[in-house]
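Student: The residues making up each chain are set out below.
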Amino acid sequence: MEWETVIGLEIHAQLNTKSKIFSAAATKFGAEPNSQACAVDLGLPGVLPVLNKEVVSKAVKFGLAVDAHINQRNVFDRKNYFYPDLPKGYQISQLDWPIVGEGEIEITLGDTTKVVGITRAHLEEDAGKSIHDLYDDFTAVDLNRAGIPLLEIVSDPDMRSAKEAVAYAKKIHTLVQYLEICDGNMQEGSFRCDANVSIRPMGQEKLGTRAELKNINSFKFLERAINLEVERQQDILEEGGKVAQETRLYDAVKHETRSMRSKEEANDYRYFPDPDLLPVEISDELMAQIKQELPELPQEKKARFIAEFGLSEYDADVLTSQKPMADYFEKMIVNNADHAKLCANWIMGELSASLNKHQLELVDAPITADNLSLLVNRIGDDTISGKIAKDVFKAMWDGEGSADEIIEAKGLKQMTDIGAIEVIVDEIIANNAPQVEQFKSGNEKILGFFVGQAMKATQGKANPKLLNEMLRAKLS
Amino acid sequence: MSVHTKTIAQLSQGLSSGEFSSVELTQHYLDRINASDLNAFITVTDELAMKQAQAADDKIAKGAGSILTGIPYAHKDIFCTNGVKTSAGSKMLDNFISPYDATVSHKLNQADLVMLGKANMDEFAMGSSNENSYYGDVKNPWNINKIPGGSSGGSAAAVAGRLAPFATGTDTGGSIRQPSSLCGITGLKPTYGRVSRYGMIAYASSLDQAGPMTQTAEDAALILNVMAGFDEKDSTSAERDVEDYTASLNDSIKGLTIGLPKEFFSEGLDDEVASQVMAAVKEFEVMGATVKEVSLPNSAYAIPTYYIVAPCECSSNLSRLDGVRYGYRCEDPKDLEDLYLRSRTEGFGEEVKRRIMIGTYALSAGYYDAYYLKAQKTRHLISEDFKKAFKDVDVIMGPVSPTTAFDLGSVKDPVSMYLADIYTLSANLAGLPGMSIPAGFAQKLPVGLQLIGNYWSESKLLNIAHQFQQQTDWHTQVPQES
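The listed protein sequences derive, respectively, from chains A and B. Counting from 0, one number per residue, gives the positions in the first sequence under numbering that gives the first Met the number 0. Counting from 0, one number per residue, gives the positions in the second sequence under numbering that gives the first Met the number 0.
Simulated from the structure, these hints should not be mistaken for laboratory data. Keep in mind the model is a prediction, meaning the values are calculated, not measured. Even glycine gets a Cβ: it sits at the ideal position worked out from N, Cα and C. Mixed in with the good hints there might be a few duds.
To spell it out: a stretch of chain A is covered by chain B in this simulated footprint if at least three of its residues, at any positions, have a beta carbon under 8 Å from a beta carbon of chain B; those stretches are [to be verified]:
| id | region |
| --- | --- |
| 1 | 30-42 |
| 2 | 47-54 |
| 3 | 275-287 |
Modelling step: build the complete structure from the supplied sequences, incorporating the hints.
Tutor: Quick look at the structure:
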């Protein structure tokens with residue numbers, strides 16, 4: 000039987016506020032355990048939550064960017080369950096009145112585009128962390144994360160393959176970074192994906208029973224976990240079994256999923272409006288202000304790169320698909336607007352390749368945009384050739400200095416002195432009579448031999464254009 | 000006149016004139032507390048009190064004192080007090096030394112008041128008789144075989160027994176007014192949002208409100224001046240200026256229109272209590288007020304509404320008491336489930352567990368609409384009744400409690416106990432301010448008159464109460480000491 004996969008994603012994006020959603024404690028990642036948990040985060044008797052207004056603006060920003068309906072009156076609820084890393088015994092979240100209502104976002108997969116519906120996005124507080132492997136007989140609890148603001152973005156079940164799910168997740172990931180509401184760091188858990196996966200016979204309308212996959216911390220694992228789950232469900236159904244509605248944990252090391260809890264074991268969360276917090280009222284003025292402050296979004300930036308710098312559709316798409324890359328490009332062309340295409344090539348080519356090779360993020364690249372810009376400048380003004388530039392790039396990557404320092408130190412400046420090049424060319428012609436004959440008898444290809452010899456003699460520094468012209472003139 | 004029968008206003012004069020020092024005054028009250036068998040206190044903070052009294056005396060000597068500098072008080076053990084055990088009357092928090100001050104505690108400290116100790120109370124403020132305290136029953140100073148009322152029973156007994164010039168209380172369904180009534184003192188529950196709830200251990204967040212318990216309305220005004228005010232740490236506190244609640248105490252109440260809800264004088268109200276209440280209303284008529292009958296038809300649903308809303312909220316509010324971070328933890332838990340189960344089973348008392356169970360049930364999937372949502376709707380209707388009534392009258396009066404204080408141990412059935420709150424719950428559900436003032440005696444036990452005002456009418460209520468106390472002397476009656 001042919002099966003259709005149906006996927007919906009729940010993305011938890013930590014909002015990058017300085018303080019927590021309901022307390023004044025700091026949110027910095029990696030601090031000493033429990034050093035960023037105040038009385039409110041610890042859930043001491045008598046403490047009360049106070050909403051950090053910054054999270055409201057950030058959530059509205061997201062809503063506007065996905066064309067969503069914003070609930071200008073939204074309500075915080077309590078989601079009740081017991082767990083040691085949930086200090087109050089309930090999580091403050093939003094159920095019936097989320098801040099962001101229905102919206103949509105367009106994803107691109109190869110040549111096709113598709114619109115994915117966003118069901119809702121609501122604000123809630125993150126829980127702390129339970130660490131089970133620190134002590135033999137105890138579980139350690141770190142409450143630094145408790146109370147970090149989260150925007151939970153729930154998609155419609157619109158994705159039909161793991162690849163589509165990844166494209167959607169990446170799109171949201173890019174968007175929240177453009178909006179500067181989330182740092183997007185998946186390793187540190189500031190951007191987390193849960194996937195609801197089900198399958199149904201192709202053509203059937205009714206959705207199959209879904210499993211929720213948790214603990215996925217990279218796009219690669221997202222794709223793998225979904226494919227694994229689809230296979231598992233197919234196997235069950237094709238053997239005549241039934242898929243259980245359950246939550247499954249993905250283990251990236253063993254590449255397997257295992258059941259965490261079944262529907263029967265699921266908590267009855269006993270949601271009710273939190274009486275400690277008033278409903279959030281977002282004024283028309285604030286809405287207008289946020290709308291005005293919305294930064295340029297990926298689609299808009301892409302269009303501008305094409306119009307303003309003459310980039311190809313493809314280049315503009317690649318550059319804008321990641322905010323750090325677009326930022327890098329924009330920094331490079333501040334002093335290099337005439338060589339936009341060259342800048343794009345260097346980012347997408349040499350720089351990206353080196354980052355991949357060293358498994359570095361763009362923000363951690365050893366070459367700043369300003370420095371790479373200078374290197375491109377030296378190609379543009381014929382100081383060095385593109386080929387030499389690659390060597391300079393390597394030296395820059397290794398920390399040997401700026402482009403100019405390296406060119407100077409290694410004497411890589413292109414020879415543009417006609418007299419000097421002529422001496423070398425004459426000598427090569429004199430020493431290679433048979434090749435001269437071949438050229439004269441119509442073998443144009445042999446010209447490359449002479450160029451190679453000349454470059455060798457000048458350690459690649461001869462200006463290639465000049466060299467070509469001179470050789471042609473002397474040989475004919 | 001012994002010093003402990005003086006009001007705050009009188010004590011303040013004595014302190015500033017040098018008639019006695021705060022240290023002497025504080026020692027006097029501490030001696031009385033130590034000699035008392037009312038069980039009004041969970042913790043007596045004598046050392047801290049003497050230190051605060053000394054600091055107050057220093058201030059007074061420098062002429063830097065204010066009207067309340069050096070006045071001692073009893074603090075209900077529901078308010079967090081930095082460095083002092085804050086138990087909420089529960090075994091669960093018997094080992095809890097609060098690392099921070101509630102906003103109310105902070106404000107009282109700022110006013111140079113002297114905390115004598117933490118007053119006994121029903122566990123987590125759940126009860127109407129103070130028989131639900133882990134620290135034992137509190138006794139009514141008028142008759143030690145009777146209950147003092149609850150949940151602020153320790154506070155009421157301390158003030159009535161003249162163990163403290165005043166006490167703090169909290170009122171979720173009548174917990175300031177009912178014990179004030181049964182112990183013959185003046186108690187004020189302000190409008191919801193007038194006093195910060197930060198650091199006040201939550202029972203039912205949408206109903207809880209703190210207020211003063213005093214001998215007189217004038218004293219209540221002085222203390223409310225300190226307690227009231229917006230607090231940025233409490234989102235439900237009102238961003239509204241604090242008036243000087245003493246400013247209009249002496250205004251004439253001629254022409255005042257009093258509403259008597261017929262529903263407050265129906266079946267179940269003790270005849271003698273009813274006649275004392277009516278006599279007090281008559282007194283107001285003599286003073287120039289007119290009386291009108293009003294109707295609060297939905298107040299009949301106050302008990303079922305309250306006993307859904309409050310348990311729902313408390314079932315969630317008390318979840319943090321899980322034995323993980325602080326408070327009681329059972330011995331040798333074998334796993335997490337066992338830790339939760341036994342810590343909470345052993346740490347909470349019967350009534351608290353009952354309300355957690357009711358609330359958990361009412362919020363459960365499939366029952367939420369029938370209980371919680373329905374109760375919210377009824378709550379709204381109850382508020383609407385008051386809104387309508389306050390179009391015609393300035394204040395609503397009636398009994399606080401259907402009977403005088405009953406015998407300790409005599410009411411065993413929880414529902415019968417809940418009925419004791421019948422006249423006080425509506426004001427909490429509507430968020431309105433309410434008072435209890437001494438209005439006579441029945442069966443040799445105090446009877447309170449309840450005043451319910453419109454939103455933010457604390458000044459008016461205090462004015463009405465003060466004028467009554469100028470004409471009567473019920474509030475000056477002191478129980479005989481054995």
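Student: State for each hint whether it applies.
Tutor: Now for the hints, and whether the structure bears them out:
no., hint, result
1, 30-42, "holds (count 3)"
2, 47-54, "holds (count 4)"
3, 275-287, "holds (count 3)"
Of the hints listed earlier, there is not a single one the structure fails to meet.
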